[in-house]
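> So you can see what is in the structure, the chains are spelled out below.
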Amino acid sequence: MSVNLTLLIVMGALYACGIYLILERSLTRVLLGLMLLANATNLLILATGGHAGLAPLYNKDTGAQEYADPLPQALILTSIVISFAVTAFMLGIIYRTWVLARQDEIQDDIEDLRVAETPRFDAEDDAPIPAETSEFPLTMLGSDGSTVSDHATAADGPEAAGDSITAGVRKIPAADAAAEEQPGSQNVTPGPEGGVK
Amino acid sequence: MNIASFAPLAVALPILGAALAFLLIRHSRAQRAVSIAVLSLTLLLECALLASVWDGGTAAVNIGGWLPPWGITMVVDQFSSLMLVVSSAISLAVLVYATGQGMADGDQDAPVSIFHPTYLILVAGVSNAFLSGDLFNLYVGFEILLTASYVLMTLGGTGPRIRAGVTYVVVSVVSSVLFLISIAMVYGATGTVNMADLAIKLADLDEGTRTLLHVMLLVAFGIKAAVFPLSFWLPDSYPTAPAPVTAVFAGLLTKVGVYAMVRTETLLFPGDRLNTPLMVAALLTMVVGILGALAQSDIKRLLSFTLVSHIGYMVFGLAMSSVAGLGAAVFYVAHHITIQTSLFMVTGLIERRGGSSSVDRLAGLAKLSPMLALLFFIPAMNLAGIPPFSGFLGKVGLIQAGVELGTPLAYALVIGGVITSLLTLLAVARVWNRAFWRKPSDAEHPDPVLLAEPEDSHTGSRAGRSNVTLLPRTMVGSTLGLVLLGVSLTVFAGPLFRLSDQAAHEMLDRSAYIQAVLGEDAPVPPLALKTGGGK
Chain U
1 MSVNLTLLIV MGALYACGIY LILERSLTRV LLGLMLLANA TNLLILATGG
51 HAGLAPLYNK DTGAQEYADP LPQALILTSI VISFAVTAFM LGIIYRTWVL
101 ARQDEIQDDI EDLRVAETPR FDAEDDAPIP AETSEFPLTM LGSDGSTVSD
151 HATAADGPEA AGDSITAGVR KIPAADAAAE EQPGSQNVTP GPEGGVK
Chain E
1001 MNIASFAPLA VALPILGAAL AFLLIRHSRA QRAVSIAVLS LTLLLECALL
1051 ASVWDGGTAA VNIGGWLPPW GITMVVDQFS SLMLVVSSAI SLAVLVYATG
1101 QGMADGDQDA PVSIFHPTYL ILVAGVSNAF LSGDLFNLYV GFEILLTASY
1151 VLMTLGGTGP RIRAGVTYVV VSVVSSVLFL ISIAMVYGAT GTVNMADLAI
1201 KLADLDEGTR TLLHVMLLVA FGIKAAVFPL SFWLPDSYPT APAPVTAVFA
1251 GLLTKVGVYA MVRTETLLFP GDRLNTPLMV AALLTMVVGI LGALAQSDIK
1301 RLLSFTLVSH IGYMVFGLAM SSVAGLGAAV FYVAHHITIQ TSLFMVTGLI
1351 ERRGGSSSVD RLAGLAKLSP MLALLFFIPA MNLAGIPPFS GFLGKVGLIQ
1401 AGVELGTPLA YALVIGGVIT SLLTLLAVAR VWNRAFWRKP SDAEHPDPVL
1451 LAEPEDSHTG SRAGRSNVTL LPRTMVGSTL GLVLLGVSLT VFAGPLFRLS
1501 DQAAHEMLDR SAYIQAVLGE DAPVPPLALK TGGGK
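Chains as they are written, first to last, in our numbering: chain U, 1 to 197; chain E, 1001 to 1535.
Just chain E, same shape as in the assembly (with noise of 0.2 Å):
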């Protein structure tokens, strides 16, 4: 009996999580506790699987003893179960956060006790999502997702979020039908929506009829990315949504399209045919996300844009189909899931604190509350790829790898990078010197929050009091927590890279996953890569 059995547990346990507390949803002191301690439970299982697929032992379960590729599969291995290990992580710091949040604000809103049983649901999606080993259990787990993110993002059901949630749903119903009739094409071409199987039957399929299934699996997954020109819904509608809400989307929700994406790439459709569009997806992502992100106010839409910038990395590393560069690529997925995550967080606690969201309004922040600008600042220095933080090294990864691959393309994308790091540095730097820096006196439109300079700030015992009443001790420790784990994410790196290119080897040879799921006597199809520019 092996611990990847219990790999549904991930899935299901938040669903009965989410069920439980459904019937609590008069006693909000109970629905928090069975939501953290569902979160908890399911984090410890997922890190138990990474422990058990660490070098490389992919496991695969089937749904109630059907055989694949009739029956439902669930594949651990090393890319799903480090997913599933970090999107749980931030899970459980933004509901935390979100409970501190609820507690603070004495649970005024009334759906808020509609939030903890949708976000259980959220998070059984993602789960689903990454464990799924067929095209349909995928889409369901997209869906699952995806519906419980509308509930999410119309919370509270007011002027602004309504108008945004009508863009997500529209978009995001188009893309999952976009994905849904990639589904019955596949079928109709091979009989099977196994994506073990689909591995071995798809290489038999023309080559016409193959590259339309790619495109089109691209293009739904690449909407649900936010892949350039697919990202315009995203920068719409994520600010509006309340503050815990946009951290867990803009950490999660992004990743798993792009988590379906690398599956693509490397299982389904293996080779470089569409390499070279991803990589002009991939740069002009990258360019035009930041350049969006510098001509935003508001610090939330300016993170949703350094988001989409940024999506363009992991695009630029799948792209390159080599060892290198998918490894570079999974250990960015990681990074960038926490650091997007805790930045939004942060962004939460300064339209707290400073009373608006828009840089041209706040001011002087660093001396109101340091523990604030230190929240923000290393998150904000990681983002832009400052040495020695996680996000340098993803970044160097990448850059090594193009420059392993040597094509004008890859170089072209290598200059894209830098300028997308170093503008994105420009965009926190505003933030940070226009937010934290200036005096509030400088601001043009300063909320009085921060002028109303507190007459007795030198006793500091009355300053800090405030200081709590404003910033809850839940909400800081949880965005603290989350901080540290990126930080964390520096000082592990060495074994995160060496995992991370496992996964990516394993990814690119795919007999591993094709054994787990088909057994040992599976047909293993040629290597259609080059396993060339590894280390």
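Only chain U is shown next, with the shape it has when bound in the complex (with noise of 0.2 Å):
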């Protein structure tokens, strides 16, 4: 089978093209990518059909291998139509994004910033628990007088000498992530998911 070289050289430049275009943010860039991708792949459908020859309609005179093959225009024409179709749609989308945003751009997904900007730190889940949350704080002396407790005090650990917290992208004083343990807490307001807004 022999390939028109042509045609393959203008086809890889259409897809080179075109996933340069539907990469873009512009969403006019986008469907002019969208194009480009359409038809290179035409081109690659006309490629399959082998040698040009003669139209197909029957003649005695004529051997069969000088016909060409008319089954892959036939779907390049029932693609032709298809991507005319969702052109016309994208374009009708593209325009009511204007008129709506008054810009040509992707816009983000909003649930999708909220989740990514949820922090790490939740004020339920994550707070150093206080050394001591006992209601009977006398039973809880060491033999030695002194305190016992399940969390690093000032003296144990270095994290909790500095008397703050990391949370997300903040620093929380050990004292307040304690205090919104508590409901009603002053510092954060509760987002959804227990976030911070």
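Hints were generated in silico from the structure; no laboratory data involved. These numbers were taken from a predicted model, which means no experiment stands behind them. Treat the hints with caution; some may be incorrect.
Said to hold, decoys possible - Partner residues aside, some chain E positions facing chain U, computed with beta carbon under 8 Å:
#, residue
1, S1028
2, T1147
3, R1163
4, G1165
5, V1174
6, V1177
7, D1236
8, V1288
9, L1291
10, A1295
11, V1414
12, V1418
We treat Cβ as the ideally placed atom computed from N, Cα and C, and that holds for glycine.
Two chains, each in its own frame: build the complex with the hints.
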């Protein structure tokens, strides 16, 4: 099977430009990219049909090898119609985006942004438990009179030494973080899912 | 004259109905009657088709009398007819639901009149994809349903829908282009696009070419089926569409992708070359999807993530390429279409009754509307796979098949499947606890609808009346019908499992399909699969 080199190079160029364009954020460029991709694919289908030949109208004197393969052309016709419909629809959407938002850019998903901004620190789950939460503090004294704790005290751990903990992007004083355990915290407005708005 | 020769009507009827509904665009009552009648008729026809192929009578219809492999062929076998019946049943339920919503809202949103024709075109595209016996016709089926879905997705043209629609359209077009490139390459390599013919001719290609074609088709279908890592687009785009549209998309569109993957794996490229990557993809789809679901507070988004996650189960069953695994996957597809659609329909009702679909704002719905709570509870437990529901049976089938296979990867998938099932339970239980069970005063930002306790709730009559206006009877009725259909999948799980096992056996055997299309004397390629692991 011989392949038309010019067609092949054009097809490659169309694919390259198309892929470059659909990676842009501007909707019009994305649309142009999609159109280039569709046309490159049409050329690819044409190339699969083999050599150029006569129109496939039956004639007794013509050998079977001299006809062109009609099937790829039928496929191309169908795919042109489909890409025409999709292009028209995309243009409608782009116009609508322009009317609504006055910009030709893909907009970020609001929920995605919310999830992305939710800090890893969750006031409910991640705040250090204050050293003493028992209602009966006296029973919790060790034999040597020191406080028994399930959490590092200031003397034990370097992270607690500064009396602040890292919560997502900010530092919270340990006392405040502990206070967030309590309902009605002053310094954290709980967003949905317990994060910070 | 066989009933199977009427198979093309499953595509033609909805298209004709769409044309008629388009003509009746100014008469909404007649339009509704036409579209519901057409879909009911299609459903009846498809039930007859299923009955005629029940015992393995695979049939092929040549459109216009052009003989295969040149003409367009439509093939009805057990798998495709089962898919047709389930898809039409849920499309009908969603159509009735949408009609109820439209009537209740007084059709104020201008483009509602375009809904019915577009919806029927979508159904026609789905049927065409299920029936098509050649790759290019499958592509056309995909394009019909996708183009209709673009319109439905952006219905009304509001800001969020347009934004979501852009992502959806671009991703779908890219996957279609990939599919078309694969078709061109398949044609270049073999000179045919007829699937039965390809089943014979692809076996003669050399290993490298065949693997390339195989991977390209799987990637194209993987985008449509939302298999991780090609699933990112789904949770962004589905939740913004109108409730009935989301319901039908969630039920059908990804399953058409799964259907195409099943055909590719069984008919075109039998063997276990790509089973390992498919299994890894299935595991990641299950786990990543459900972890995404746990991070969501909006019920629609949460359900979209569970949708992605449960696609993993089907891919798992497919990747085992044993009769037991594939049979369980077929059963799971039928189960999941029904359950996921009914859950999205209930979510539409929740949004109507509670004023929001975010679990942060919902509370106390179990007291406000016990019926709604029941409608949510049954499919939710079904989705999570609580015995005795069909979700449990499907997962047991998959896990049995996985244990029978016995490779380390299969065991990893079995464990992943169990964990995903438990996490699904956690996700839906969170929705249940927050939206239905807790007191409205406990909600962080409760909707005023929930707090305004009807002062005469004890008199019953008044509360009952307000319930009716908030939840139209047609919407509740169609949701109830679909929930009952989901329950009946449990009741009739025996026959259904037998059918799906048979369907799996025929798909792996391939001879019935090839002989139905190409005639009795067609050379049947040697069985490339071990059919071991069957019952």
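> Would you mind marking each hint as holding or not holding in the structure?
A quick look at each hint next to the structure:
Hint status for E/S1028 relative to chain U: violated, with the closest Cβ pair at about 24 Å, above 8 Å. A cut of 8 Å between beta carbons decides the hint on E/T1147: the least distance to chain U is about 6 Å, and the hint holds. Because the closest C-beta pair between E/R1163 and chain U is about 5 Å apart, less than 8 Å, the hint holds. The beta carbon of E/G1165 comes within 6 Å of a beta carbon in chain U, closer than 8 Å, and the hint placing it at the interface holds.
For the restraint placing E/V1174 at the interface with chain U, the shortest Cβ-Cβ distance is roughly 7 Å, inside the 8 Å limit, so the hint holds. Of the supplied interface hints, the one on E/V1177 holds, with its beta-carbon coming within about 5 Å of a beta-carbon of chain U, less than 8 Å. Against a cut-off of 8 Å between C-beta atoms, the interface hint on E/D1236 holds, since the closest Cβ of chain U lies about 5 Å away. Below 8 Å, beta-carbon pairs count as interface contacts, and E/V1288 has none with chain U, the closest being about 14 Å; its hint is therefore violated.
The closest approach between the C-beta of E/L1291 and any C-beta of chain U is roughly 12 Å, which is over the 8 Å cut-off, so the hint fails. At a threshold of 8 Å, the smallest CB-CB gap from E/A1295 to chain U is about 6 Å, leaving the interface hint in force. Taking 8 Å as the C-beta cut-off, the interface hint given for E/V1414 is violated, the closest approach to chain U being about 30 Å. Hint on E/V1418 is violated. Least Cβ distance to chain U is approximately 25 Å, over the 8 Å limit.
In this structure, the hints that do not hold are numbers 1, 8, 9, 11 and 12, in rising order.
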